[in-house]
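Novice: Here is how the chains run, residue by residue.
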Amino acid sequence: MTATDLPSRPRAAKAPAAPTTARPHRRWVGRSVVNAVLLVIAAGYVVPLLWVLLAAFNGTAGLGVDWPAPWTLDNFRAVLDEDTTYRPMWNGLVLCGSATIITMVCSVLAAYPLSRYRSRFKRPFLLTVLFSTGLPITAIMVPVYGLFVQLNLIDTTSGTILFMATTALPIAIWLAKNFMDAVPIELEEAAWTDGASPMKALRHVVLPLMWPGLAVVALYTFIGLWGNFFVPFILLLSNDQLPASVSIYTFFSQYGQVVYGELAAYSLLYSLPAVLLYLLLSRRLGGAFTFGGAVKG
Amino acid sequence: MAAAGTLLRGLPLVPSVVLLVAFLAGPILYCIYSAFTDMALTGSSSTEFVGFDNFVRAFTSPAFGQSVVYTVIFTVVSAIIGQNVLGMLLALLMRSGAKVVRALVSAIVIGAWVLPEVVAGYLWVAFLGPDGSLNGWLIGLGLPTQNWLFTTPILAVSLANIWRGTAFSMLVYSAALSEVPKEIEEAAVVDGAGPWRKLVSVTLPMLRRTIATNLMLITLQTLSVFGLIWTMTKGGPSDRSMTLPIYAYQQAFQFSDLGYGTALALVLLLIGGVFSVVYLRALRLEENP
Numbered sequence: 001m002t003a004t005d006l007p008s009r010p011r012a013a014k015a016p017a018a019p020t021t022a023r024p025h026r027r028w029v030g031r032s033v034v035n036a037v038l039l040v041i042a043a044g045y046v047v048p049l050l051w052v053l054l055a056a057f058n059g060t061a062g063l064g065v066d067w068p069a070p071w072t073l074d075n076f077r078a079v080l081d082e083d084t085t086y087r088p089m090w091n092g093l094v095l096c097g098s099a100t101i102i103t104m105v106c107s108v109l110a111a112y113p114l115s116r117y118r119s120r121f122k123r124p125f126l127l128t129v130l131f132s133t134g135l136p137i138t139a140i141m142v143p144v145y146g147l148f149v150q151l152n153l154i155d156t157t158s159g160t161i162l163f164m165a166t167t168a169l170p171i172a173i174w175l176a177k178n179f180m181d182a183v184p185i186e187l188e189e190a191a192w193t194d195g196a197s198p199m200k201a202l203r204h205v206v207l208p209l210m211w212p213g214l215a216v217v218a219l220y221t222f223i224g225l226w227g228n229f230f231v232p233f234i235l236l237l238s239n240d241q242l243p244a245s246v247s248i249y250t251f252f253s254q255y256g257q258v259v260y261g262e263l264a265a266y267s268l269l270y271s272l273p274a275v276l277l278y279l280l281l282s283r284r285l286g287g288a289f290t291f292g293g294a295v296k297g
Numbered sequence: 001m002a003a004a005g006t007l008l009r010g011l012p013l014v015p016s017v018v019l020l021v022a023f024l025a026g027p028i029l030y031c032i033y034s035a036f037t038d039m040a041l042t043g044s045s046s047t048e049f050v051g052f053d054n055f056v057r058a059f060t061s062p063a064f065g066q067s068v069v070y071t072v073i074f075t076v077v078s079a080i081i082g083q084n085v086l087g088m089l090l091a092l093l094m095r096s097g098a099k100v101v102r103a104l105v106s107a108i109v110i111g112a113w114v115l116p117e118v119v120a121g122y123l124w125v126a127f128l129g130p131d132g133s134l135n136g137w138l139i140g141l142g143l144p145t146q147n148w149l150f151t152t153p154i155l156a157v158s159l160a161n162i163w164r165g166t167a168f169s170m171l172v173y174s175a176a177l178s179e180v181p182k183e184i185e186e187a188a189v190v191d192g193a194g195p196w197r198k199l200v201s202v203t204l205p206m207l208r209r210t211i212a213t214n215l216m217l218i219t220l221q222t223l224s225v226f227g228l229i230w231t232m233t234k235g236g237p238s239d240r241s242m243t244l245p246i247y248a249y250q251q252a253f254q255f256s257d258l259g260y261g262t263a264l265a266l267v268l269l270l271i272g273g274v275f276s277v278v279y280l281r282a283l284r285l286e287e288n289p
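Heads up: the sequence lines are chains S and U, in that order.
Using the UniProt record's numbering, you'd call the opening residue of the first sequence number 1 and step up by one each time.
Using the UniProt record's numbering, you'd call the opening residue of the second sequence number 1 and step up by one each time.
No wet-lab data here; the hints were simulated from the structure.
Note that the structure is predicted; figures quoted are calculated from it, not measured.
A portion of the hints provided could be inaccurate.
Stated by the list, open to error - Derived Cβ-Cβ restraints for the label pairs, each shown as a range:
(1) S:ALA36 / U:ASP131: 27 to 37 angstroms
(2) U:LEU29 / S:GLU186: 34 to 44 angstroms
(3) S:ALA36 / U:VAL21: 46 to 56 angstroms
(4) U:LEU29 / S:LEU237: 24 to 34 angstroms
(5) U:LEU138 / S:LEU207: 48 to 58 angstroms
(6) S:GLY97 / U:ILE80: 30 to 40 angstroms
As the list claims (entries may be wrong) - Coverage of chain U stretches by chain S, computed from C-beta distances (three or more under 8 angstroms per stretch; other residues unrestricted):
(7) 54 to 61
(8) 86 to 100
(9) 125 to 136
(10) 168 to 182
Stated by the list, open to error - A few chain U residues that face chain S, going by a derived Cβ cut-off under 8 angstroms, partial list only:
(11) PRO27
(12) GLU117
(13) GLY142
(14) LEU199
All C-beta atoms in this analysis are idealised placements derived from N, C-alpha and C, irrespective of residue type, glycine included.
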């Protein structure tokens, strides 16, 4: 293991140059190629996005990608009011935020025994969880509607939060279990020897180490729920409880004619919370990769 | 005592199990029941038990066979090939890209992912439609234009799904790559491995389990994609992008044939089950070499 003697290089400098014969110019060429390829992929991604970006500022937007004529903030002004934007956004945040918290707590708790203990129930349980990740929710919405009417949960935010949390649970459990598997059990055994209970070990040893993985799970859960149209559409009835994902449909159906500029402006606003959340998490993630040290220690 | 210990160990599972049983298992059982009936949405008073009629009807219907084919094409092209390969490529490239480029690319790719399905669908309609940007460029290049949503609807929705879903694979692979010990890759470089060799012989084998898990998850997600296809083509033209979820939705909610629709949803579950078994077998072989 001669590798351990090497000074650890910064993350960005993973160029294909042998450490013994430093060839800086070759490393530089390699990195330029990587950056160029990344930028080409990004360009391919941006093209369809151009429509939403340009149409949002276009006073006369249609479905084509046109340079805004005239440039205007009128589209934003038109949608930025209580009924169109503020309340649906707040409703969405409450729905998806609460559901994400419930999902994360439940899935981390469930992942712990699934990752750490052996049991003959474990495999069937995981199989079931896996199958339910592929469940077409559209198919079960009719019986769910019936259930919610029976339980008097229809048109309640709390009931919808519980159901949304449940739809996200299977994938969250599966991902959390896999990320937890990557945390070496030796560290916990040390904690147990020091007298920590399993739950304490989970909180103080395992969770801090699987933070990047958990961030992915939380992000994925929230964004999946944030874009979910069908569930709140079926389970919530009154207008003042609807989240942004449902109210966006009013642009398509209300007047027959779609106001594309306003739709684009609204889409940008609607995407903002998820984008901000990602940026926040990724900043934190930058400094949280402590796996290497933990394994060695 | 041992039994009590086992129960205690299982205690953290309880909140999840309660939620899953109440809100997923219950409705699914009801779904299975209704797949064997002639239940209709219109609320007719009598619901009769019809045995396997719904399934017989499905397997003898050309529309059903066609929708299974489109579902498989959509899943293989957009998830197993598109999202998986592009996601891995992005995650690998991001490791050695410049910081600014990394931030820019991840913001854009994830931006595409966080857009709601409906909006993503409309972006692609705008892009591929008769007056869309793609045709605009083709005119600029002097090439013939076409309505891509009409001529190749299943490829159009697959492309849109790759565009929208790759961020998931990228995030999963990025997180997994960050856990690959640097020493092992550096050791390979010291031993004279080029970048390609290092990737194929060292990095990818260490990610086997993550790759298998990710493939499974994106396969299952893609099998049940609804909103994107619905917004872009509604399954058309002439059913040429009619995947199973669309077909099931159409039968259950538009034609009010709840029994048949839920039978179709069960078939979809079964296809997901087949993919899952293949994947689980691969993982098990791995555990006991």
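Novice: Return the numbers of the hints above that this structure violates; sort them in rising order.
Specialist: 7, 13, 14
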